[in-house]
Amino acid sequence: MTGMLSFAALSTAEGGHAAAAADPSGFLGLLAQGAWLIPVVPLLAVGLIVLFGKRLPFKGWELAEGALAFVALYSIALLIGNWVEPMAFERHVEIARVGLLPGGGSLVLEWGWVVDGLSIMMYFVVGVVGFFVFTYSKGYMKGDVRFTWFFAAFSIFAGGMLVLVSSPNTIQLIVGWELVGLASYLLIGHWWEDHANNAAATKAFIVNKVADLGLFLGVIIAALAVGSFRFTDLLDAVEAGDSALADVGVWVGLALFIGAMGKSAQWPFHVWLPDAMAGPTPVSSLMHAATMVTAGVYLLGRMFPFYQAEGFGAGLKPLILVIGALTLFLGGLVALVQDDIKKVLAYSTVSQLGYMTAAMGAGAYTAGLFHLFTHAFFKGLLFLAAGSVIHAVHSNNMSDMGGLRRFMPKTFWTFVIGSLALAGIVPLSGFWSKDEILASLYYDSQHGGGGLATFVLVLAVAGAFVTAFYMARAVNLTFFGKYQGAGHPHESPRVMTYPLIGLAALAAVGGLVNIPGAFPAFTDWLAARVHLPGDHHAAALNLGLAAIGTLAALAGIAIGTAIFGRQRATQRERDRFRIPLLYPLLEHKYYMDDLYDYALVRPIRGPLARATNWSNNVILDGVVNACGAAARRLSALVYGGLDQRGIDLGINAAAAAAGEAGGALRRVQTGKVQQYAAALFLGAVLLVVGFLIFG
Amino acid sequence: MGWFENGWGLSLIVFLPLVGAAVVLAVPRARETAIKAIALGFAAASFVVSVIATVAFDFGSAGYQFGADTSWIPAIDSRFHIGVDGISLPLVVLSTFITLLCVIYSWNHWPEPHNPKAFLVLMLVLATGMAGTFVALDLVLFFIFFELVLLPMYFMIGIWGDRNPMRLPGFKRPVETRLYAAIKFFLFTLFGSAFMLLGFLALYFRSGNGGLPRTFDIEALSARGAEGQLFTGTFAFWVFFALFLGFAVKVPMWPLHTWLPDAHTAAPTVGSVLLAAILLKLGSYGFIRIALPILPEEAKAWAPVIAILAVIAIIYGSLACLAQTDMKRLIAFSSVGHMGFVMLGISTLTEVGINAAIVGMVAHGIITGLLFFLAGSIQHRYHTREMARLGGNQKILPRLGGILGFAAMASLGLPGLAGFWGEFMALLASYNPFAGANLALFRSAMVIGAIGTVLTAGYLLWMLQRVNLGEIPEEWREKSFRDADGYELGAWVPLVLATLAVGVYPAIVFGTTNDSVQRLVARAFGG
Amino acid sequence: MTVNQFLILGALLFSLGVYGVLVRRNAVAVLLSIELMLAAVNINLVAFGSLLGDTLHTGHIFALFVITVAAAEVGIGLAIVILIFRNRSSANVDELDLMKW
Amino acid sequence: MFDYHALLPEFILGATLLVVLGVDLLVAPRRRWLAGAAGIVGLLAAGVPLLTLAGVGGTREMFAGSYVVDDFALVVKGLFLVAGAIVLLASMSYLRGDRYYEGEYYFLILASIAGAVVMASARDLITMFIGLELVSAPAFLLAGWRKGDLRSNEASLKFFLIGVLSSAVLLFGMSLVYGTTGESTFTRIAGATAAVSGESAFVLGVLFTLVGFGFKIAAVPFHFWAPDTYQGAPLPVAAYLSVGSKGAGVVGLLTICYSAFAGARDVWGPALWVLAALTMTVGNLTALRQSNVVRLLGYSSVAHAGFILVPFAMAAAFEGPALEEAFFGSLTYLLVYAFMNLGAFAAVIAIAERTGSREIDDWAGLARYSPTLATLLGVFFFSLAGIPPLAGWFAKFVMFKAVLGDPGNAWGVSLAVIAAVNAVIALFFYARVLKAAFMDPAPESLPEGAPLSRPLAAALVITLAVTLAAGFYPQLLAFFGEAARGLALP
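Chains as they are written, first to last, in our numbering: chain A, 1 to 695; chain B, 1 to 527; chain C, 1 to 101; chain D, 1 to 490.
Among these hints, one or two may not hold up.
Taking lysine-lysine and the DSS-like style, the derived pairs with C-alpha atoms no more than 25 Å apart in a straight line are [claimed, not checked]:
id	chain 1	residue 1	chain 2	residue 2
1	A	Lys54	B	Lys36
2	B	Lys395	B	Lys479
3	A	Lys142	B	Lys479
4	A	Lys59	B	Lys395
If we take Cβ atoms under 10 Å as the criterion, some of the chain B residues that face chain D in the derived model are [as the list claims (entries may be wrong)]:
id	residue
5	Arg29
6	Thr33
7	Leu148
8	Arg178
9	Phe186
Read the hints as simulated data drawn from the structure, not as lab findings.
Idealized CB from N, CA, C, for every residue including glycine.
Build out the structure end to end from the sequences listed, making use of the hints.
This is how it looks when you write it as structure tokens:
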């Protein structure tokens, strides 16, 4: 009977793939069975917070925190489980079934959850980083107007993100995708008294919505080609070389990638991310650095076999590569000239996302996702630290900071660790992941990637330099030199510093889980999935590349410190290096915002919309009114005494015509009986004549 | 419950409100509480019966259920033939549901001039008309119910409508909005349905060719239409055109939509809700129930036209919304866009598309109904709908503002809420329309429609920003406002829950419709 | 001596009556013109009756009825004319134009 | 020769006429309404034999087939009797309102109704003519009943002159028909048409006959008298003219066209196509400009005459059942129209008494101070506009159904479209009156008019009941239409 809950066991799991992974059994099986709790618990928390949050001792924070703690623990358990025994587990719950023509098959809509290396990794990131950030937020948002609502919305995000990463099918992916978009909208605009924030929130939502068109259409096309929304069926079709899918392969790949570009702020969709910094710093940390923005990369990872397969998505790899390279380099450059510390980190995030995307484009599944993994820790950390600074200085601008290392040592050290990790200094996490990416790019350049890959490799190295440079700038301007701001900054409370320390630890050692050759645990975890990613990853440490990357980073730090280390009077002076063309270009973010604003937003909202409305009220209604003009004009009660002289726009003509008609009739009706008689005879004669002629 | 299956159940759903109206008429006008209680009782009874019908409904079978087919007007071979299938059941429940909520909401929200008796009588008559249209299986009966909604709505708009003067393009003196809107609504619909009636009669006479007895019976006509022998050639073309006029005006499809913004804006809150939630569905339902199955070949021929008009409506409506300054008018225009998605789904003539259309109808009914409730209550408090004057509503009325935000999100098709399925599945359907369709056209329709979703998000967020967010404007600072009261929440919370339910578990609708849609499509277009 | 002459005569009388109805201003005169038309009808009927020579003499009987009715109508007409003449001391039909729009 | 059972209704009516005169002579002036009551009783009494005749069934021919009592005749007679009774009810209070001759009034109305009843059975040129004159002559006088009022005089004279004129034309036509066919009984005329159908004299005769009836039903361009007369005449008389005498005209047209001229359908079919189209359109368009409700109703009745003519229009193309369908369409339309139009007039009378005005503007806000009357007005006017679920929809429906009947052709469809457009236009002016009554603000000083008199209330209740019942269950009236449709089968 349709419309009834029915649990469909995973069809492809026992399909005998070459996968090392399988449906887990025993305790792990139970663990996997229960994994649906991971997305559900935070969403439940949302409801509870909205309903009862205000009445609770901690105003609902405890619920959010509890949910995240649960997720973190559960994900750790799964992580260990996956280490013990690689898992590839799916469950589906049918929520609707729609007949599909032709063929009479049915398109099945399902909820479900996946437990495999990739999703577990994401659970872990969301859970652990989220846990720290939520803890931190309790201190950061203290006394906020909408403290409770903040955690409700934040939990919406956590839930949505987990819905997204736990999704075994594209429909649920879309749901999660939009849910995090919603949360992002709500939280960027958290302080909605100020319309600037609302504008930023709306911008983020709309830009993402535009990119989502890609996602929607890609999902639709793929689903109709395969007849199912499930990733497994999709990837089965890829493995089977299904022709129906192959025919639309390029379109599917392109469309989905556009969707990914939006979420992961790839050039030219990146414009929303810097503005998103209008939200509270914890939001920037968790959503706009650690997790949400990586959804696009996650999607590429989930669809990786598709993008690897010749005749399906492989043709798009160069595009992905180039987009990634552009993003990582251009984004990095803009970070050089930002005064707002959060903007520096935001553009840095853009740049790092570029690294991940480029890695995916180079066919480096592990490398890309490994960078996602480490980046989550150190960028999350950096944002929280920046937040702690802002908390102390009450300003986002580095021109109001300086010399803070004396006032807030904990923040300082954690920030430095984060920066070094980001810059990619041995042995911090960033080093390993970035090196992995460089290695993969190099590998790709040797195997088919050709000149393009080499070029991207060069850009990536340059990017490493730039990264180190702007981080050095940020550190120097913030923590060294003389304090430029007002008041007496002080270290943040423990509830904020402890998460910093926790994340700092992870940022420091996070990279050690994947030491090529020596200890490639992460690689194995990620490999646990139904469809083998079929990526390539460095079998051993490529010392040459590592050296180059590290040198670039060190150079960046050195020069950056050299320039910004010493005391400067003004920001302008600090940014002394001025390149006639580049600097203004960077200051205006390559004028892209202006481009969008003037080329799209304003025309649509202004002339186009007004023209449409005008055409409705004047042309269409005009026609309608013209049709009814006679009646309108005559019904004295509605339009009593309406003088129709000088009406334009066609109504006049029609009305006048109607009026004439009426007038003529009126003249006939003279009240003179003899003319009536004449009419009588005239009518008779006409009838007769007419008939004798035509009859 | 044999009596229930034999048409009495449906008759109760349909005619209980009418009886209620009669009873209310008998009560002296002064005894308001009694009047309200009676109206509420009958509306609730009708809703309860419809729920019972849903429970008793056999989801396994695709055919009509609870049917009755008794003699009515032998002189013109028209019979009292009623019944529900998976396609009409959700709409029947929706109409009784919304009606009940409207009565609840009205409890302490009376438009001026204050006259609960007349207002409730009209509302109950309206309820009969709406429910009846969805259960009628005889063209004449359908026509009667279809038209039955005109009078009450005309008076609702005309008597309790917006008294603000409106400028008509080209007129020196403004006229009261309600008067213009009321007559415009009335004439537009009557114009359409007059031709629809001609179409019905043409079908009736042609159905007699080939020795069969002439009939107005929708079921029989669908069967004969599926054979593709009787209704063919230019005859079919013009008949479909006539039906198209009748239904398209009601939907409304661009460019026949211009009555909608005026009517929705001018109508009293409850009137707008009923208009948007149910009356528009009569048109799209007519397409699904009558035009498509009886004239399948013509439906194929017309599908591209419908699809084009639908996407025009989507884009046009959204753009028009971006230019509105009046909150209610913005919501009204959003209906044009949303119904565009419904029609796009129908135009694909596929199971997916028609399912999408129905779920879209239900979702639009719930969500836009809610939006109009909210707009009404906002006007009730601020005495203005000008978004320029509003702002910071979220601060002034947190509960109302929160629900408004929710409704807006649902309306822009946020996945996980009801609105999403209709839009998404409609787009999906238009990628693979019926066999032999012009793929290029339908696929570009899909892309354009998808772009429409962006614009939709645009204007709804813009509305939220202007109404809900920002600082509280000067003029409201000092005033004290009452947040949503019990009756309002009583009307809104069910809608919110329904939105969530359909969004999370769309089988609530799909599960009901799919089999019947499959039957319809298989018969008409040879699945 | 065929029936045609009678018919032509009838037609002429009828037209004459029509003319009179259209041009005469005095109500009584109009009334008389109408009587002319009825006379034309009678001529027709009688002529046809004798031409067809039907045994029921329908034509002649019809003519008798017409005459009677015509008399009754003249009675009514004169009553109305007198009434009007009382109220406005004129029986000119072209002054009857109170009701027009 | 004489079939007393069949003629009983006419006898009873005759007797009633005498009784009414007698009562008028005997009772004191303030009891004159008794005459009206007697009239009503008489009408109802005359209805009884109709029922018995229907019970016995069968067709009764008298006077060599020139006077026939068949189902059609019974139905139509019944209609006229009921309509007459309603008119009398509506008249009573009105007559008291001013100084009128009461007894004579009732006498004339009854006489006119008797004429209509005769017409229903008339199957012979002479009988038809007599009946027609009996309908018209009293009406001429009734139109001028408000003796002091110039408008009334004028109405009367116009009505009279045009009426007599058209009678002359009709007679001329009849004479030609008689002359060419040599017959005066319809059935025999029908038999003889085949031979002469080509002759222009015959054609001329048919057309002149149509013109004569066209006047009676106020079809354009023979309608000009109607609005003036309605406006000038006393309201109940206007009501009677718009139903009784118009109905008589329709009945005459139906019988003569479908039986006598059954062979000449190719003559009157097209001619009436033109008349129908003209009448609907002109009637509705002119009605749009009216500010006086009675005049508005006058034009609306013109328009409805057009709708009634619509089914005739396709007769040339029709055969057998389709022809029957057309006949049924016109007749059923007439049945429905009679009740809702009488209701409308009754409501107008009541409201005119309440507000003391017939101008739409003066009815503003009526619903505020007298909701019942306003609601009644709404019911009847929207029924006239043909909005479901009020009876009017069914009239329009059968009209469309008849004209679209097969073998349909472009002419039928185009006329149907014209009718559809007209139906929409018509809504404008009906809705306008109701807009005034319901949506416009009431005047500061409410007019204090007389309370609703009982007879008028009775008239309203009857018409309302029929309008609503026939709206939900049209078979109520369709039944009679079906019973009478047999006439269309020669």
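So, as I understand it, the hint says B:Arg29 touches chain D; can you test that by seeing if any CB pair is closer than 10 Å?
Cβ of B:Arg29 sits 8 Å from chain D, so the hint holds.
Report holds or violated for the interface hint on B:Arg178, using the least CB-CB distance to chain D and a cut-off of 10 Å.
Holds, about 7 Å.
B:Lys395 and B:Lys479 were given as a pair; does the straight-line alpha-carbon distance stay at or below 25 Å?
holds (13 Å)
Given the hinted pair A:Lys54 and B:Lys36, is their Cα-Cα distance within 25 Å?
violated (37 Å)
Chain D contact restraint on B:Phe186 - CB to CB distance below 10 Å
holds (6 Å)
Restraint satisfaction for B:Thr33 [CB to CB of chain D, less than 10 Å]
Since the shortest Cβ distance to chain D is 20 Å, the answer is violated.
Given the hinted pair A:Lys142 and B:Lys479, is their alpha-carbon gap at most 25 Å?
violated (30 Å)
Proposed proximity, B:Lys395 with A:Lys59 (alpha carbon, max 25 Å)
holds (19 Å)
Hint check: is the beta carbon of B:Leu148 less than 10 Å from a beta carbon of chain D?
holds (6 Å)
In this structure, the hints that do not hold are numbers 1, 3, 6, in rising order.
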